[in-house]
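*Asks:* Sequence:
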Amino acid sequence: MNALDLLLTRQSTPRLTTPGPTQAQLEVILNAGARVPDHAGLTPWEFIIAQNEGLNKLGEIFKQAAENEGSDEAFIEKACKMPQRAPMVITVVAKTQVHQKVPILEQHLSAGCAVMAMQQAAFAQGLGGIWRTGPLSFNADVHQLLGLSEQDQIVGFLYLGTPVLNAPTKAVKAGQQFARYL
Numbered sequence: 014m015n016a017l018d019l020l021l022t023r024q025s026t027p028r029l030t031t032p033g034p035t036q037a038q039l040e041v042i043l044n045a046g047a048r049v050p051d052h053a054g055l056t057p058w059e060f061i062i063a064q065n066e067g068l069n070k071l072g073e074i075f076k077q078a079a080e081n082e083g084s085d086e087a088f089i090e091k092a093c094k095m096p097q098r099a100p101m102v103i104t105v106v107a108k109t110q111v112h113q114k115v116p117i118l119e120q121h122l123s124a125g126c127a128v129m130a131m132q133q134a135a136f137a138q139g140l141g142g143i144w145r146t147g148p149l150s151f152n153a154d155v156h157q158l159l160g161l162s163e164q165d166q167i168v169g170f171l172y173l174g175t176p177v178l179n180a181p182t183k184a185v186k187a188g189q190q191f192a193r194y195l
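Per the working numbering, residue 14 is the first one in the sequence shown, and the count goes up by one each step.
Incorrect hints may have been included.
[Claimed, not checked] List time: in silico DSSO-like cross-link candidates among lysine-lysine, alpha-carbon distance up to 27 Å:
1. K114 to K76
2. K114 to K94
3. K91 to K76
4. K114 to K91
5. K94 to K70
6. K70 to K114
It should be emphasised that the hints constitute simulated quantities derived from the structure, not laboratory data.
Everything numeric in this text was worked out from a predicted model, so none of it was measured.
Sequences and hints are given; from them, build the entire structure.
*Replies:* What follows is the structure, given as structure tokens:
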């Protein structure tokens with residue numbers, strides 16, 4: 014698959030199973046994430062990888078956060094099982110810093126670009142993935158239990174694995190409909 018085909022046929026694959034990325038595939042995925050636009054070379058991101066027992070640990074973090082929030086029992090149980098939807102989950106964190114030329118928003122965008130690049134690198138290697146966010150991305154307990162600092166922000170949980178089924182390709186959106194000229 015060439016780069017243009019990859020970009021023009023990108024879609025999320027929410028139903029994932031084993032096997033997850035091999036160590037060699039993961040290295041490519043992480044390298045792709047580290048190649049994104051990065052004004053001033055700040056590397057404003059961190060990739061927290063959960064697989065095997067790490068998925069259970071991430072589930073316990075989600076469960077504890079849901080309990081601390083006073084969620085109902087059904088959501089607490091669901092939160093605990095969320096990481097089990099894939100053989101690997103990479104939590105991508107924007108690690109921002111004050112910089113005179115690089116606003117915080119740009120650093121968040123760079124971390125978001127890392128998620129997209131990592132998902133594309135997974136697809137290019139025959140894997141599937143889905144970029145998820147949701148309330149747990151912003152939950153202070155999740156941040157604290159993952160060892161994040163106050164200015165850090167989770168920009169996504171990238172679920173990776175082998176697609177359970179080949180989803181039909183979505184209709185192409187003509188980008189021109191979203192464009193205007195000055």
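*Asks:* Take a quick look at whether K114 and K91 sit within 27 Å of each other, Cα to Cα.
*Replies:* violated, 42 Å
*Asks:* Has the given pair, K70 with K114, been kept, meaning a C-alpha gap of at most 27 Å?
*Replies:* violated, 38 Å
*Asks:* With the threshold set at 27 Å, check whether the alpha-carbon distance from K91 to K76 stays at or below it.
*Replies:* holds, 8 Å
*Asks:* Taking 27 Å as the top limit, are the C-alpha atoms of K94 and K70 close enough?
*Replies:* holds, 11 Å
*Asks:* Are K114 and K94 close enough, with their CA atoms no more than 27 Å apart?
*Replies:* violated, 41 Å
*Asks:* Verify the proposed pairing of K114 with K76, using a straight-line Cα cut of 27 Å.
*Replies:* violated, 39 Å
In the structure shown, a violation is registered for the earlier hints numbered 1, 2, 4 and 6, in ascending order.
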